[in-house]
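**Q** Numbering (numbering that gives the first Met the number 0), first residue to last: 0 to 131.
The set of hints was computed from the structure by calculation and includes no laboratory data. Treat the hints with care, since some could be wrong.
Stated by the list, open to error - Only pairs whose alpha carbons sit at most 20 Å apart, straight line, appear in this in silico EDC-like list of lysine to aspartate or glutamate: (1) LYS4 with GLU41; (2) LYS4 with ASP48; (3) LYS43 with ASP82; (4) LYS46 with ASP82; (5) LYS4 with ASP82; (6) LYS45 with GLU78; (7) LYS4 with GLU79; (8) LYS4 with GLU50; (9) LYS4 with GLU105; (10) LYS45 with ASP82; (11) LYS43 with GLU79; (12) LYS4 with ASP107; (13) LYS4 with GLU78; (14) LYS122 with ASP89.
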Amino acid sequence: MGSLKFALAGNPNSGKTTLFNAITGSTAHVGNWPGVTIDRREGKYKKGDLEISIVDLPGIYSLSPYSPEELIARNYIIEENPDVIINIVDVTNLERNLYLTTQLMETDCPVVVALNMCDQLEKRNDYIDRLG
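The whole structure should be built from the sequences, with the hints applied where relevant.
**A** Pasting the structure below:
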């Protein structure tokens with residue numbers, strides 16, 4: 000049986016824990032304010048013989064930590080060597096969110112950018128260009 004580690008990283012209140020709950024079937028607390036997740040939590044997703052460990056990290060704005068929660072997230076990303084970082088990006092505030100994205104892309108870890116809150120963007124009659 001193979002195994003992988005995926006880290007969910009992103010700014011506070013970008014939807015990391017909501018995605019974590021959807022993938023793992025967990026019921027971790029979510030809230031509409033920053034700082035709800037103050038420690039990393041881990042869940043599993045199994046597909047056939049593959050087991051994926053999903054790690055929900057506290058919200059961070061950069062890889063330069065200013066709080067204990069940011070230090071937890073940064074240390075996991077740098078020291079635990081996840082197989083993939085899934086960067087959850089709030090599309091309603093791209094400028095703030097993409098600063099972290101550029102830092103994550105400078106690590107040795109593959110990064111998948113997941114655009115979240117697209118429904119909020121549509122309510123403002125705005126959109127993101129799609130490739131392909």
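**Q** Which of the listed hints are not met by the structure?
**A** 6
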